[in-house]
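Undergrad: Residue-level listing of the chains:
2 protein chains.
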Amino acid sequence: MKKINRRSFIKKASIPIIGAASISSFKVHASTTTELNMVTSWPENFPGIGLGANRLAKRIESLSNNKIKVNVYSAGELVPPFGVFDAVSSGTADLYHSAEFYWGGKNKAYPFFAAVPFGMTAEEFNSWIYLGEGQALWDELGSGFNLKHFVVGNTGSTLFGWFKDEINNVDDISKIKIRSPGMGGDLLKTMGATPVNIPGGEILQSLSSGAIDAADWSNPVMDLAFGFYKVAKYCYYPDFKKPTVSISLGMNLDKWNSFDNGTKSIIEYACQSENQEMLSDFMFKEVASIEKLKSLNVNFRSLPQDIVIEAKKNVSGVLDNYADTSIGIKIRDSYFNFLNSRTSYKDFDISNYLNFRKI
Amino acid sequence: MKKINRRSFIKKASIPIIGAASISSFKVHASTTTELNMVTSWPENFPGIGLGANRLAKRIESLSNNKIKVNVYSAGELVPPFGVFDAVSSGTADLYHSAEFYWGGKNKAYPFFAAVPFGMTAEEFNSWIYLGEGQALWDELGSGFNLKHFVVGNTGSTLFGWFKDEINNVDDISKIKIRSPGMGGDLLKTMGATPVNIPGGEILQSLSSGAIDAADWSNPVMDLAFGFYKVAKYCYYPDFKKPTVSISLGMNLDKWNSFDNGTKSIIEYACQSENQEMLSDFMFKEVASIEKLKSLNVNFRSLPQDIVIEAKKNVSGVLDNYADTSIGIKIRDSYFNFLNSRTSYKDFDISNYLNFRKI
Numbered sequence: 024m025k026k027i028n029r030r031s032f033i034k035k036a037s038i039p040i041i042g043a044a045s046i047s048s049f050k051v052h053a054s055t056t057t058e059l060n061m062v063t064s065w066p067e068n069f070p071g072i073g074l075g076a077n078r079l080a081k082r083i084e085s086l087s088n089n090k091i092k093v094n095v096y097s098a099g100e101l102v103p104p105f106g107v108f109d110a111v112s113s114g115t116a117d118l119y120h121s122a123e124f125y126w127g128g129k130n131k132a133y134p135f136f137a138a139v140p141f142g143m144t145a146e147e148f149n150s151w152i153y154l155g156e157g158q159a160l161w162d163e164l165g166s167g168f169n170l171k172h173f174v175v176g177n178t179g180s181t182l183f184g185w186f187k188d189e190i191n192n193v194d195d196i197s198k199i200k201i202r203s204p205g206m207g208g209d210l211l212k213t214m215g216a217t218p219v220n221i222p223g224g225e226i227l228q229s230l231s232s233g234a235i236d237a238a239d240w241s242n243p244v245m246d247l248a249f250g251f252y253k254v255a256k257y258c259y260y261p262d263f264k265k266p267t268v269s270i271s272l273g274m275n276l277d278k279w280n281s282f283d284n285g286t287k288s289i290i291e292y293a294c295q296s297e298n299q300e301m302l303s304d305f306m307f308k309e310v311a312s313i314e315k316l317k318s319l320n321v322n323f324r325s326l327p328q329d330i331v332i333e334a335k336k337n338v339s340g341v342l343d344n345y346a347d348t349s350i351g352i353k354i355r356d357s358y359f360n361f362l363n364s365r366t367s368y369k370d371f372d373i374s375n376y377l378n379f380r381k382i
Numbered sequence: 024m025k026k027i028n029r030r031s032f033i034k035k036a037s038i039p040i041i042g043a044a045s046i047s048s049f050k051v052h053a054s055t056t057t058e059l060n061m062v063t064s065w066p067e068n069f070p071g072i073g074l075g076a077n078r079l080a081k082r083i084e085s086l087s088n089n090k091i092k093v094n095v096y097s098a099g100e101l102v103p104p105f106g107v108f109d110a111v112s113s114g115t116a117d118l119y120h121s122a123e124f125y126w127g128g129k130n131k132a133y134p135f136f137a138a139v140p141f142g143m144t145a146e147e148f149n150s151w152i153y154l155g156e157g158q159a160l161w162d163e164l165g166s167g168f169n170l171k172h173f174v175v176g177n178t179g180s181t182l183f184g185w186f187k188d189e190i191n192n193v194d195d196i197s198k199i200k201i202r203s204p205g206m207g208g209d210l211l212k213t214m215g216a217t218p219v220n221i222p223g224g225e226i227l228q229s230l231s232s233g234a235i236d237a238a239d240w241s242n243p244v245m246d247l248a249f250g251f252y253k254v255a256k257y258c259y260y261p262d263f264k265k266p267t268v269s270i271s272l273g274m275n276l277d278k279w280n281s282f283d284n285g286t287k288s289i290i291e292y293a294c295q296s297e298n299q300e301m302l303s304d305f306m307f308k309e310v311a312s313i314e315k316l317k318s319l320n321v322n323f324r325s326l327p328q329d330i331v332i333e334a335k336k337n338v339s340g341v342l343d344n345y346a347d348t349s350i351g352i353k354i355r356d357s358y359f360n361f362l363n364s365r366t367s368y369k370d371f372d373i374s375n376y377l378n379f380r381k382i
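For the protein sequence lines, the chains are F and R, in the order given.
Okay, so the first sequence: first residue is 24 according to the working numbering, each after it adds one.
Okay, so the second sequence: first residue is 24 according to the working numbering, each after it adds one.
Same shape as in the complex, but just chain F (with noise of 0.2 Å):
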């Protein structure tokens, strides 16, 4: 995958560069160039979420008509993958591509923006955004960091996870220990699993050690790409754990309030399109990846509807550990109100429909 505009981070992203010699020739009013650097917790050559840091960064330059730049980092370059929130909230770099589940040492409250065990799905999550209090209490939250916050895409539908051996029910959820962190770790924790925490690029070592029996990442397209299928057979869907997982962009407080309305417009627009692209990708490749995994003798098992039982009864003693603050309990709140008004009518959401393509 090709790098957009990787310059050396000595030229500081905030200062204006004068000069119009690297602008194209149809905009001959413009006469300074922004760059912005966009630190992000993705190894190089990602695919689908690092794609979509580069998309999102073309997306911007190509609608200030090159008068923004922006350089984009894999993890490590520049800070390590979860040191991107508080380079931007320092204002080291502008722009951080990440998710929100990472945040929950700064606050319990910043993984509702991410994912949360049984809660909304992409539409919805954007929704709330766009269109309820999303966006004003995740901007709250973010205030005190510094930070202004965005959402750039989503995962669409997810996997439960890789398994050594097959699981039939919850007591041998019990003897498992799994890569599964966050809110959805503690679900499985109730359980009797031992959920650990494993950067991405350290998972497949950890099955095949057998460190650990099982692991959860992400959707079939990015789960494809990690080689999870190389040592465990047995992969569980759908998942309820992080069903499915928003992607965000983080930027400055100070840089964002110093923009004019025109440059506003652009971050946003090409936020929310970029949000809308990176879904539609991911359901493009979603049914070639799993044909691929099939192909490579994968044993994929829907999972056992009791363990689904088990993990519903438990869920909401977990979530409330993630509402310690004012902030984080006004988020909890809003979030279920709006997902708990959408499964009191789930007669009519789209499952309804899709389950009359099954007939």
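I should point out that these hints are in silico values taken from the structure, not numbers from a laboratory.
On a predicted model such as this, the values are computed, not experimentally measured, just so you know.
Ideal placement from N, C-alpha and C gives every residue a C-beta, glycine not left out.
Careful, some of the hints might be misleading.
To be verified - With the Cβ distance kept under 7 Å, some of the chain F side facing chain R (calculated, not the full set):
{"hint": "1", "residue": "N149"}
{"hint": "2", "residue": "L154"}
{"hint": "3", "residue": "K369"}
{"hint": "4", "residue": "I373"}
Given chain F, put chain R in place with the hints provided.
TA: Just chain R now, kept in the frame of chain F:
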């Protein structure tokens, strides 16, 4: 609803208007303004879809720093609701905001870009358009009419329709006269129904007078606004005739080709971000609309399964009639190549997770 930049149609859109007086202060380099006239198939103050046309205009204006002005006209104001295609094709107007199932008389393949019985969901359609062959085929179809096409919204989950009396089986369907145009109406005809096409604004009166026994229109948000509950108390869901409807923008192709790459990016990303916004908007308002309809004594009924089974048996014969040109055949085949791959892996779509939520 406030109209955006309503101006005299005498000021022809295609002539740049010189003068920076109306341009906001932060864009001192801007010296020309282009006006684009957008004609729509929607009545004035139309909820949902009409709101989307205005939002799209605003996005294009914001992203261009007001160098493009978009004048939005409701149905009949400049041209009749279904005259917008010809108006933009000929260059009388620059843009139309409508739905492609209205253009079956131009080429029978056009409805594939709005809604297909047992067809794609909003997200599947977006995947086919943005990542698959959809956009290229749509533009190939449009080039014969001097048009460039964009997807700019979707209704999300729709209702099967409004009935004065209960329907319990195929036999009940066979006796009704129902407002249901195009592919969906043709499919009901295979079960003995008498489908008719009536413009949206005349449906309520036709139901009231007894000229028709039933009618389909759209989703809970728009159907509430149309007031069908006043004369038909049975509402069946979900729809299989037009399960979700994509909303489209058509642009005069000569006009599109006259734009530089920066302007093309503005149009494209404005359309894609508005496509996301409309679906979120409908989803956000869906539950409140259903609650309101229930409070108005609407009897919601799940569509009897034998009607669905019979319709599925008949659907491919009906759809084959919509591919009667070489481009039509290509479009049908590409649409079903993608859709059939999705339905072959139906265990992995979002309905499986949503079914978990129902346990």
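Undergrad: Determine for every hint whether it applies to the structure shown.
TA: Structure-based check of each hint:
1. N149: At about 5 Å, which falls below the 7 Å cut-off, the nearest Cβ of chain R leaves the hint on N149 (chain F) intact, so it holds.
2. L154: Holds: closest Cβ of chain R sits about 4 Å from L154 (chain F), inside 7 Å.
3. K369: Result: holds, 5 Å to nearest chain R Cβ.
4. I373: Cβ of I373 (chain F) sits 5 Å from chain R, so the hint holds.
Hint compliance for this structure: no hint is broken.
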